[in-house]
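Q: The primary structure of each chain is shown beneath.
Protein chains: 2
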Amino acid sequence: MKNSCVPKENNTQLDILGVAERLFREVGFQKTTVADIARELRMSPANIYRFFTAKAEISAAVCRRILGKIEAAAEQIASAPGPASKALRNLIASIEEFNARRFSSDRKLHELLETAYNENWPVVHEHSENMDKILAQIISQGMAAGEFRTGDAELAAILVRSACMRFWHPRLMVECALDPEPTTDQMIDFCLASLA
Amino acid sequence: MKNSCVPKENNTQLDILGVAERLFREVGFQKTTVADIARELRMSPANIYRFFTAKAEISAAVCRRILGKIEAAAEQIASAPGPASKALRNLIASIEEFNARRFSSDRKLHELLETAYNENWPVVHEHSENMDKILAQIISQGMAAGEFRTGDAELAAILVRSACMRFWHPRLMVECALDPEPTTDQMIDFCLASLA
Numbered sequence: 032m033k034n035s036c037v038p039k040e041n042n043t044q045l046d047i048l049g050v051a052e053r054l055f056r057e058v059g060f061q062k063t064t065v066a067d068i069a070r071e072l073r074m075s076p077a078n079i080y081r082f083f084t085a086k087a088e089i090s091a092a093v094c095r096r097i098l099g100k101i102e103a104a105a106e107q108i109a110s111a112p113g114p115a116s117k118a119l120r121n122l123i124a125s126i127e128e129f130n131a132r133r134f135s136s137d138r139k140l141h142e143l144l145e146t147a148y149n150e151n152w153p154v155v156h157e158h159s160e161n162m163d164k165i166l167a168q169i170i171s172q173g174m175a176a177g178e179f180r181t182g183d184a185e186l187a188a189i190l191v192r193s194a195c196m197r198f199w200h201p202r203l204m205v206e207c208a209l210d211p212e213p214t215t216d217q218m219i220d221f222c223l224a225s226l227a
Numbered sequence: 032m033k034n035s036c037v038p039k040e041n042n043t044q045l046d047i048l049g050v051a052e053r054l055f056r057e058v059g060f061q062k063t064t065v066a067d068i069a070r071e072l073r074m075s076p077a078n079i080y081r082f083f084t085a086k087a088e089i090s091a092a093v094c095r096r097i098l099g100k101i102e103a104a105a106e107q108i109a110s111a112p113g114p115a116s117k118a119l120r121n122l123i124a125s126i127e128e129f130n131a132r133r134f135s136s137d138r139k140l141h142e143l144l145e146t147a148y149n150e151n152w153p154v155v156h157e158h159s160e161n162m163d164k165i166l167a168q169i170i171s172q173g174m175a176a177g178e179f180r181t182g183d184a185e186l187a188a189i190l191v192r193s194a195c196m197r198f199w200h201p202r203l204m205v206e207c208a209l210d211p212e213p214t215t216d217q218m219i220d221f222c223l224a225s226l227a
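First to last, the protein sequences are chains G and H. With positions in the first sequence counted from 1, the corresponding number in this note's numbering is that position plus 31. With positions in the second sequence counted from 1, the corresponding number in this note's numbering is that position plus 31.
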């Protein structure tokens, strides 16, 4: 059911991305062609090219949707009431859960993200920047509340993200899957001790 | 010049690895064949197979040599006199330097290490364990000297290694090459604040 307030063009674009994400999940993004997406939508490939110049643009947009969901969850955690340390812990645990779930149930979508990280797609960089902003928001709230010592919240955010990389980097989490330690809790304790 | 105390068998094994490392550096490990290594040593491939069951075993052994050099440098840093915080800083900086130099001057050897990490070769796991031991040694010395608060030095070592992963993981350091922050110094300050 389409929202009548949304222009038709936007709806088509969303339809394309919805179908692309489903096919990427089922068939894999490398095996999915623009023709496959067009066929599912009963439109011509030429119509898809009115919205996306190439398949790479569709792949990046699907990636953006997936990473955007992580950011939305992170924003919700950051704006919830409670101590900053709790928010940081919830944030890292939630990201790890997103990734672990995708890896175990949606392996083909996980491969899309692995490729995006391997090939340094701009969406990955954008995602890191967005996550840094959310982390910095939590950390500066903690600084204002006297929970953390005052300092450069933006830098602290980058440090926490780097320190916790193994939990949200799609390739690292696979590489580290057999290492029981550090757990997210141990790593967060380590980060909190540094910020305190 | 060969050391006459070393059995001939061992010398041949070392010769094979020396030539393999040179060819891996010049031609790349994927393009180098056992026949290429044998030709350089004026021996038959069959003779090489007396020492290594497959090329994969040679590749792993070359990897071990490279990672072993990092471990030797780390051990030297760990046993040098001075505060533990200085040793930790030197250690991380030295590892990053090893990796950065290999990446800029020996790109083909760097690719061997990337593959080893990507495919989770046992030598990589072994290297992490060895580095954890050296890190734990430094940290427990710091704990004994009252420089760090007392605690589980083994766990702290794993946490520091994980936090600093972007500086020594061959793929991550390429992925993060365009991110100016965190620097090794910033990350070490973050870790030291956590240990203090």
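Bear in mind the hints are in silico, worked out from the structure with no lab data behind them. Ideal Cβ positions, reconstructed from N, Cα and C, are used throughout, including at glycine. Do not take every clue at face value.
Facing chain G, a subset of chain H residues (Cβ under 7 Å, in silico) [as the list claims (entries may be wrong)]:
hint, residue
1, Ala77
2, Ile189
3, Leu190
4, Arg197
5, Glu212
6, Pro213
7, Thr215
8, Phe221
9, Ala224
10, Ser225
Q: Now look at each hint and say whether the structure bears it out.
A: Results for each hint:
no.: 1; hint: Ala77; in the structure: 36 Å, violated
no.: 2; hint: Ile189; in the structure: 5 Å, holds
no.: 3; hint: Leu190; in the structure: 5 Å, holds
no.: 4; hint: Arg197; in the structure: 6 Å, holds
no.: 5; hint: Glu212; in the structure: 5 Å, holds
no.: 6; hint: Pro213; in the structure: 5 Å, holds
no.: 7; hint: Thr215; in the structure: 11 Å, violated
no.: 8; hint: Phe221; in the structure: 4 Å, holds
no.: 9; hint: Ala224; in the structure: 4 Å, holds
no.: 10; hint: Ser225; in the structure: 4 Å, holds
Hint check: violations occur at hints 1, 7; the rest are consistent with the structure.
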